[in-house]
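Asks: The lines below spell out each chain.
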Amino acid sequence: MASVAEQRLTLALEAAGLGTWTWDMATATTEWDVRLEELHGLSPGGFGGTFDDWVASLHPDDRAECVRRVQRALESPGPYVLLHRTTWLDGSIHWIECRGRVTVDDHGMPTGTIGVALDVTERERRDAMVEVELEEKHDLVTSLQQALLPSEIPSVPGVRVAARYVAAGSTVVGGDWYAVVPLPDGRLGLGIGDVAGHGLSAVAEMAGVRFSLRALAMGATDAEDVLTRLNDAVRLFEHDAFITALYGIVDPRNRVWSFSSAGHCPTVVRCANGTTSLIATAAQPPLGLDGAYHRQDCQLEPGSMLVLYTDGLIERRCESITDGTNRLIDVVRSGPTDPEALADHLLAELVGAGAHDDDVALLVVAIA
Amino acid sequence: MGLRMLEASPCKDVSMSLQWGQVQYDVEESTATVRATGDIDVATAPEFRDALYRLIDGGEPTITVDMGAVSFIDSSGLGALVAAQKRARKQGATITVANLTSSARKLFEITGLLDVFGVAQS
Numbered sequence: 000m001a002s003v004a005e006q007r008l009t010l011a012l013e014a015a016g017l018g019t020w021t022w023d024m025a026t027a028t029t030e031w032d033v034r035l036e037e038l039h040g041l042s043p044g045g046f047g048g049t050f051d052d053w054v055a056s057l058h059p060d061d062r063a064e065c066v067r068r069v070q071r072a073l074e075s076p077g078p079y080v081l082l083h084r085t086t087w088l089d090g091s092i093h094w095i096e097c098r099g100r101v102t103v104d105d106h107g108m109p110t111g112t113i114g115v116a117l118d119v120t121e122r123e124r125r126d127a128m129v130e131v132e133l134e135e136k137h138d139l140v141t142s143l144q145q146a147l148l149p150s151e152i153p154s155v156p157g158v159r160v161a162a163r164y165v166a167a168g169s170t171v172v173g174g175d176w177y178a179v180v181p182l183p184d185g186r187l188g189l190g191i192g193d194v195a196g197h198g199l200s201a202v203a204e205m206a207g208v209r210f211s212l213r214a215l216a217m218g219a220t221d222a223e224d225v226l227t228r229l230n231d232a233v234r235l236f237e238h239d240a241f242i243t244a245l246y247g248i249v250d251p252r253n254r255v256w257s258f259s260s261a262g263h264c265p266t267v268v269r270c271a272n273g274t275t276s277l278i279a280t281a282a283q284p285p286l287g288l289d290g291a292y293h294r295q296d297c298q299l300e301p302g303s304m305l306v307l308y309t310d311g312l313i314e315r316r317c318e319s320i321t322d323g324t325n326r327l328i329d330v331v332r333s334g335p336t337d338p339e340a341l342a343d344h345l346l347a348e349l350v351g352a353g354a355h356d357d358d359v360a361l362l363v364v365a366i367a
Numbered sequence: 000m001g002l003r004m005l006e007a008s009p010c011k012d013v014s015m016s017l018q019w020g021q022v023q024y025d026v027e028e029s030t031a032t033v034r035a036t037g038d039i040d041v042a043t044a045p046e047f048r049d050a051l052y053r054l055i056d057g058g059e060p061t062i063t064v065d066m067g068a069v070s071f072i073d074s075s076g077l078g079a080l081v082a083a084q085k086r087a088r089k090q091g092a093t094i095t096v097a098n099l100t101s102s103a104r105k106l107f108e109i110t111g112l113l114d115v116f117g118v119a120q121s
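Protein chains in written order, with numbering that gives the first Met the number 0: chain G, 0 to 367; chain S, 0 to 121.
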């Protein structure tokens with residue numbers, strides 16, 4: 000007759016769906032209860048009864064790790080946990096989690112193990128699905144971003160452009176963007192901007208702004224018209240977003256850079272002799288507020304380079320934006336003169352491989 | 000005194016790379032002054048914006064955001080302020096910012112926001 004305590008234990012094990020085992024090293028026998036046999040797809044009495052029979056029941060890929068863990072537990076007797084798969088006779092794979100403890104004799108020497116085991120197939124399946132879903136979501140956002148920011152850049156004679164986009168911390172995509180628009184009159188339109196935030200909503204807002212700018216740029220001859228009309232579109236369609244943008248038109252014939260900025264970081268210019276500075280930029284608010292935008296014209300020398308960027312390139316949490324801007328100017332000054340090489344140099348020096356807070360968009364423009 | 004802690008948000012577990020943010024704000028009701036402390040960034044900006052929205056919707060005609068104790072503000076933080084300003088203007092109210100640190104002031108200057116928030120040009 001089982002004691003009350005034993006009956007209670009049996010009830011608890013049944014209710015929790017737990018199987019139990021006892022391994023006795025002296026007699027080289029392993030006892031499984033019927034529930035543990037059930038967890039392995041065996042009928043009552045179907046388990047062979049030795050340590051080797053247990054090892055044989057493990058999924059081939061999990062055997063070495065499980066045996067290693069049991070050996071380690073025997074070396075320093077205490078509790079241990081195993082998570083492994085087992086293949087039923089019908090070919091289905093089941094996940095089992097075992098919580099075991101090493102039994103010892105009066106001298107503290109191990110005599111075997113006892114423990115309980117639980118089927119965790121559903122939990123493992125759910126975890127795997129969540130992981131796949133997260134991965135798919137990230138892939139979707141990343142490929143959307145890549146489709147929106149093509150690496151193939153249109154050009155016009157006399158102007159070479161290199162473009163880069165880097166996601167924050169290499170995983171979180173954001174709302175930074177660039178656009179390069181060849182104009183029918185031989186000039187080249189260059190736009191860059193930042194939609195605040197991360198993830199799909201920022202990318203979607205970015206796409207709206209970028210396509211609007213491209214369409215407006217093709218139909219307008221003046222940078223201030225483009226930005227003023229882009230602002231109208233933003234006020235209508237993207238009213239909750241915070242968007243800075245800079246749009247300019249470079250004319251390869253007279254080297255005039257004609258631009259307008261909506262609260263965006265000022266452009267860096269490097270002259271052929273290496274002199275590097277910020278282009279003084281009139282402060283105008285970000286897109287989405289009332290008002291019109293004004294244009295500035297800037298005469299460039301032959302062999303000049305322009306660097307258009309978003310704040311991720313200069314912003315550091317623990318320093319002022321002035322320090323970040325000065326560092327950018329230094330790196331541009333000492334960098335290579337080929338636009339592609341300078342773009343790579345800037346990212347290597349200023350973004351690096353570590354985790355950075357913000358995404359970065361970058362246009363490097365060389366004027367002949 | 001009408002000094003009341005509105006909310007204090009702990010570090011937001013938005014993603015592994017976005018965990019620094021922490022912002023607190025006290026609201027002094029008699030003068031409708033919001034005193035922000037800490038970081039206003041991509042993790043904390045939505046809460047900060049919602050706190051401002053509540054004040055605006057409560058009918059305050061002029062709201063002052065005291066930025067003296069803000070250690071960091073990024074474009075999301077600026078976005079929260081701009082969104083609140085747009086909402087305020089629709090309701091005939093206005094938001095001004097005060098006590099900008101020199102680095103925050105630089106950021107407001109570059110982004111053309113000094114005028115928008117009634118900060119005198121230096």
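I should point out that these hints are in silico values taken from the structure, not numbers from a laboratory.
For clarity, every value in this text was computed on a predicted model and none was experimentally measured.
No residue lacks a Cβ here, since even glycine has one placed at the ideal position from N, Cα and C.
Don't take every hint at face value.
[Unchecked claim] Interface residues of chain G toward chain S, partial, derived using beta-carbon atoms under 7 Å:
| # | residue |
| --- | --- |
| 1 | G196 |
| 2 | G198 |
| 3 | S200 |
| 4 | N272 |
| 5 | T275 |
| 6 | A279 |
| 7 | I320 |
Asks: Indicate, hint by hint, whether the structure satisfies it.
Replies: Results for each hint:
| no. | hint | result |
| --- | --- | --- |
| 1 | G196 | holds, 6 Å |
| 2 | G198 | violated, 9 Å |
| 3 | S200 | violated, 12 Å |
| 4 | N272 | violated, 27 Å |
| 5 | T275 | violated, 18 Å |
| 6 | A279 | violated, 12 Å |
| 7 | I320 | holds, 5 Å |
Hint check: violations occur at hints 2, 3, 4, 5 and 6; the rest are consistent with the structure.
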